[in-house]
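Following the hints, position chain B against chain A.
These are the residues of each chain, in order.
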Amino acid sequence: MAEQLLKVRGLKLEGLSGETWTPIVNGVSFDLKKGEVLGLIGESGAGKSTVGLAAMGFTRDGCRISDGEVEFDGIDLVNASAAVKRSLLGKRIAYVAQSAAASFNPAHKLIDQHSEAPVQHGVSSKSESEADGMELYRRLRLPDPDNIGFRFPHQVSGGQLQRAMTAMAMACRPDLIIFDEPTTALDVTTQIEVLASIRDIVEQFDTAAIYITHDLAVVAQMADKIKVLLKGDEVEESDTRTMLSNPQEDYTKSLWAVRSFERPKKPAVNTGATPIVSIKNVTAAYGTVPVLEEVSFDIHEGRTVAVVGESGSGKSTTARCITGLLPPKIGHIEFDGQALPLDYRRRSKDQLRQAQMIYQMADTALNPRKSIGEIIGRPVQFYSGKTGSEKRRRVEELLEQIELDPGQYINRLPSELSGGQKQRIGIARALAADPKFIICDEVTSALDQLVAEGILKLLANLQDTLGLSYMFITHDLATVKAISDEVVVMKDGRVVEQGPKDEMFQPPHHPYTDLLLSSVPEMDPDWLTTLLDQRGVDNIGDAAVNKMA
Amino acid sequence: MSNLLFVIAVLAAAVVGGYLFRLIGQKTTQNRPYFRDMPFLVAFGYVFGAILIFLCARLYLQPTTLESGVPNAVTIFFRWTVHLIAGLALAAFLFRLAGRNIGTDGSKRLFRQMPITASFGILTIILYCIVALMPEVFAPYGEAEVFAKSYVYPFGDPAANGDPAHILGTDEIGRDILSRLIFATKNTMFIALAATILAFLIGGIAGLAAAIFGGWVDSVISRSVDVLMAIPALIFQLLLLSIASFWANSYGIPMVLFMIVIIAVIDSTRVFRLARSVGLGIVAMDYIEAAKLRGERLGYLITREILPNAMPPFLVEFGLRFCFVFLTIASLSFLGMGIQPPSADWGTMVRKLADFIKFAQFLPNAALLPLFPALAIAILVLAVNFVVDWILDKSSGLKG
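Chains as they are written, first to last, in the numbering used here: chain A, 2 to 550; chain B, 5 to 404.
Chain A extracted, bound-state conformation (with noise of 0.2 Å):
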């Protein structure tokens, strides 16, 4: 029986929204024994960041621990003094952040950061610590370990950067880690080389850790035993293969259900049919930099082609020529047939409408001084000329076909809705131009599974009854999965692959596409351990695509 490292009971949190406290999380329980990985699960709001903090004694600014208690090691971390939290804190207790690279400061070399709370607690001289450090990222395999630390941050790339940050959490050789969505920025390839790294050294170091995500797959591979939280409540939690196989709650059931949905397959293109848009061998730059080498690939009517890719892939930049905010330097895109101006200033209003697009930060993307109704109003009146009485029935039925409540909606504000309605306005927005074809740029990559989801059979039912077709750009294969018709994998600027959904994701593959395909994690807890076994250390995520390259 291993030895009790943190007992939190009952913690309950306020936050500070206006001029009253109101609770954020209502009563958290746990234990966590030495060497043990727990998971917080949960969607956005859930509390799962503020739990985490609260087990280190640490709430955000205009957050309080209203009641409840947590004790770390015999310390009650509740009322415990700034200084007995001071020589805690980095020493016993570590966190490691989201975002790497806004967590690091740019002005200080990786190694200086690394030592800097080792020397500060006395635990070791700085050049003790420094030679530490170089050890540390041997083991989190990072590349060239004696000289990485001397970089600054900006120097070295964001899967690095995590690395780099776990092993300045590691470096007092804390007894408790608290990873904050360690890898939710990543891309899968690089995912993986990181969840690797963490769960290696953690086994090696026998540390307790916290491990904090909203994505189920990725949880199962980390932790020995899962809680799963629902706006500030606990729904339940069992040690991590009793949850995924038997699962008691019914939002427990509703989030592992959500990766089942499939639209059905539809036939094939008849040959010969005139794609609705052909991009046809585009060459792009920025200024002098080539972002896009002979992209070619057609979409057809009432279809979706999924284009996949990694960040700096030229995924949105296809988009970009696409509605000619880039014209392309060779090449060009045929609409219906027809070639479409290469500048979106030289296209008529008519070919303007037919083609829309939908962004993936729908903060940015609606105007948030504008009214619902004028948001959706506007292309309204703008492309069919209807004014007054004729274009609020217009703009109440878009709101009918995103499933939302003209009367409760239509004079809101943005900001006066949630993220997934924030999603499903940009979709009317799109509609109400009355288009063909609509590009849709990581729609659901800020969502939760849960309102994604939601989404998706949204926009599937749409393209059923208005025969739209859809450009989707992503970077999740699971939404490729469940959205697409046919997949074109990029890389580099290039086209690696293409062809209908179910060849792609049927052997034999690309070798990229095969790599891409391997990385994305499943809810089987022995995935990874078994895929390390199969390829090795170094044939997974970047450093197998660096091999390629």
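Hints are computed from structural coordinates only; laboratory data are not their basis. Fair warning: there could be bad hints in the mix.
What the hints assert, rightly or not - Partial chain B-side listing against chain A, Cβ under 8 Å, derived:
#1 R26
#2 Q30
#3 D41
#4 D290
#5 Y291
#6 E293
#7 R301
#8 L305
#9 E309
#10 P312
#11 P316
#12 L319
By construction, the Cβ of each residue, glycine as well, lies at the ideal position given by its N, Cα and C atoms.
Coordinates of chain B only, in the frame set by chain A:
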């Protein structure tokens, strides 16, 4: 030397007192977290503040005349300051109280959330505007009416060279100061408002155009603005005004027009910088891209998509610019290049009466003569700043 020793003694007392204060707090409250985790500087601040309040009270309570019969100027001025601040605060408080009980539900709610500083600012601005709109109603005498006795001291006490007919005294050629102050409100505020609005039109349009078009348009406008900003503003304004005074004479155009345009052009460079950076932030948003791809024209982009989002920083900048323009006019008048006599102006009044400051030690009443116009400037600038702060605070909240 003894003053320096006194300051050191006060600081030392606060250091020791702060340490003791925290220690006693910890002992008597059984180590409650508030005292336990109190940083030393906070404890020091409490004790230091207490000492300052004590010293102020002692200064306030000292007799107004020394034993030798000489007035105690420090105490007198300190009392005046305290009375002034207390009076203004009381007026602001009553104004807010009235606002909370009179008017529509919306205005009542506005007053309920209003800090006392903002209510002071709003009250002051309203009063200044009323006075500026109809100075004839409030002023006891005409703007350029000259009386027999010059340099009458304020407060109307004949024993102290006062005159009940001129409650705030008269100036160097015997004009009533209260009337001059009231007429100056109109002159100065009108020019300041006109110059600020013009500066915003020029700078705002140029800045947003630079942000939207970018490229060479942006470069040309920005570099021209850099050139204008490279010349020290006050010297440049003096130079241009002296050139303009020649034109004004030869073509018969009122000098006031030149003044407004010159101040506006020089100030518009600052507005341009703000408009451009705010505009760049908004132009990068996806909803602007969506509007461009819809095929919207430039006018729609600026008025419907960009301006509503740029309003809060613009409003705040408008308030601040107004203050700066106001001070510029006062400085120019003080230097003799601004509003010309017989028109009344606060800056000119300060200059003409400035010599009386030297008498502060012996004739505190006389020293007030230049302080009245200075106070009129200070209170308005302070009021505008308070209101601007409040708007900034409101608009940077969650509603923004």
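Taking the hints in turn, this is what the structure says about them:
no., hint, in the structure
1, R26, "13 Å, violated"
2, Q30, "11 Å, violated"
3, D41, "5 Å, holds"
4, D290, "4 Å, holds"
5, Y291, "5 Å, holds"
6, E293, "7 Å, holds"
7, R301, "10 Å, violated"
8, L305, "11 Å, violated"
9, E309, "6 Å, holds"
10, P312, "4 Å, holds"
11, P316, "10 Å, violated"
12, L319, "14 Å, violated"
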